[in-house]
Amino acid sequence: KQEVTQIPAALSVPEGENLVLNCSFTDSAIYNLQWFRQDPGKGLTSLLLIQSSQREQTSGRLNASLDKSSGRSTLYIAASQPGDSATYLCAVSGPDYKLSFGAGTTVTVRA
Amino acid sequence: DTAVSQTPKYLVTQMGNDKSIKCEQNLGHDTMYWYKQDSKKFLKIMFSYNNKELIINETVPNRFSPKSPDKAHLNLHINSLELGDSAVYFCASSHATGKGQETQYFGPGTRLLVL
Chain A
33 KQEVTQIPAA LSVPEGENLV LNCSFTDSAI YNLQWFRQDP GKGLTSLLLI
83 QSSQREQTSG RLNASLDKSS GRSTLYIAAS QPGDSATYLC AVSGPDYKLS
133 FGAGTTVTVR A
Chain B
283 DTAVSQTPKY LVTQMGNDKS IKCEQNLGHD TMYWYKQDSK KFLKIMFSYN
333 NKELIINETV PNRFSPKSPD KAHLNLHINS LELGDSAVYF CASSHATGKG
383 QETQYFGPGT RLLVL
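Protein chains in written order, with my numbering: chain A, 33 to 143; chain B, 283 to 397.
Since the hints were made in silico from the structure, they are not lab data.
Nothing here was measured: the structure is a model prediction, and the numbers come from that model.
We put the CB at the ideal spot given by N, CA and C, even for glycine.
There's no promise every hint is true.
Footprint (simulated), chain A over chain B, 3 or more residues, beta carbon under 8 Å [to be verified]: (1) 322 to 335; (2) 385 to 392.
Estimated spans, in silico, between C-beta atoms of each pair [said to hold, decoys possible]: (3) B:K349 / A:A111: 44 to 54 Å; (4) A:S85 / B:S302: 35 to 45 Å; (5) A:A111 / B:M297: 48 to 58 Å; (6) A:K74 / B:G366: 16 to 26 Å.
Covered stretches of chain A (in silico footprint by chain B; criterion: 3 or more residues with CB under 8 Å from a CB of chain B, positions within the stretch not fixed) [stated by the list, open to error]: (7) 75 to 86; (8) 116 to 128; (9) 133 to 141.
Bound conformation, chain A alone (with noise of 0.2 Å):
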């Protein structure tokens, strides 16, 4: 059964520093890892997602890394903004079509 860890529970930083959130997996036969923003009381939105074939995906401020072998995923956030402020979310997608999500890191920008 796939496991998901994500390293911190919560986070808070002064507006300006980098983020750097952790997702580990259990087993390493995934199709792809997802990592998604949610904000309180909505939904989630999808903000990166990374194919089991590739190491990275970048998206303006967002840089999310994939190790698949060591079963890590590390989403980095250059220049956090107050706006980043949410709690984010790790999912890996198996050959199920099953999403199995961490518990989420909580990220607190300070103004």
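Place chain B on chain A using the hints.
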């Protein structure tokens, strides 16, 4: 322009009642999902339909019954509601290539509170 929509957004009901949550997507996707997010914020898959056919059915009580009248809709009916059913229920959709490689798009969630 709403991609994945759910109704209602909030649902407060008494134990023992039967309720339904509706989901619709206008993205042309062929696969739809129901997830439950509990008080600890863990998201867990409940069901998935591909072209109106059930493909994922996790270990959930049989009081929960999904229904997909067409590819764009996946409804969730819950019988005999219990306190432990209180959670946020998310609908999602995606294209399924057979290798699970497509981004899932989520609805805004339905916040269910059972009293």
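For each hint, the structure was consulted:
Residues of the region 322 to 335 of chain B lying with their CB closer than 8 Å to a CB of chain A number 8, which satisfies the three-residue condition for coverage. Beta-carbon proximity to chain A at under 8 Å applies to 7 residues in the region 385 to 392 of chain B; the threshold of 3 is reached and the given coverage holds. Checked against the given bound of 44 to 54 Å, the beta carbons of K349 of chain B and A111 of chain A, roughly 47 Å apart, stay inside it. Roughly 41 Å separates the CB atoms of S85 of chain A and S302 of chain B, a value that falls within the hinted 35 to 45 Å.
Distance hint for A111 of chain A and M297 of chain B: a CB-CB separation of about 49 Å, consistent with the stated range 48 to 58 Å. Here the CB-CB span from K74 of chain A to G366 of chain B is close to 24 Å, well matched to the stated 16 to 26 Å. Counting residues of the region 75 to 86 of chain A whose C-beta sits closer than 8 Å to any C-beta of chain B gives 6, which meets the bar of three, so the coverage hint holds. Coverage of a stretch by a chain is defined here by at least three residues with a beta carbon nearer than 8 Å to that chain's beta carbons; for the region 116 to 128 of chain A and chain B the count is 7, and the condition holds.
Only when three residues or more bring their CB closer than 8 Å to a CB of chain B does the claim for the region 133 to 141 of chain A stand; here the count is 3, and the claim holds.
Comparing the model with each earlier hint shows no violations; every hint is respected.
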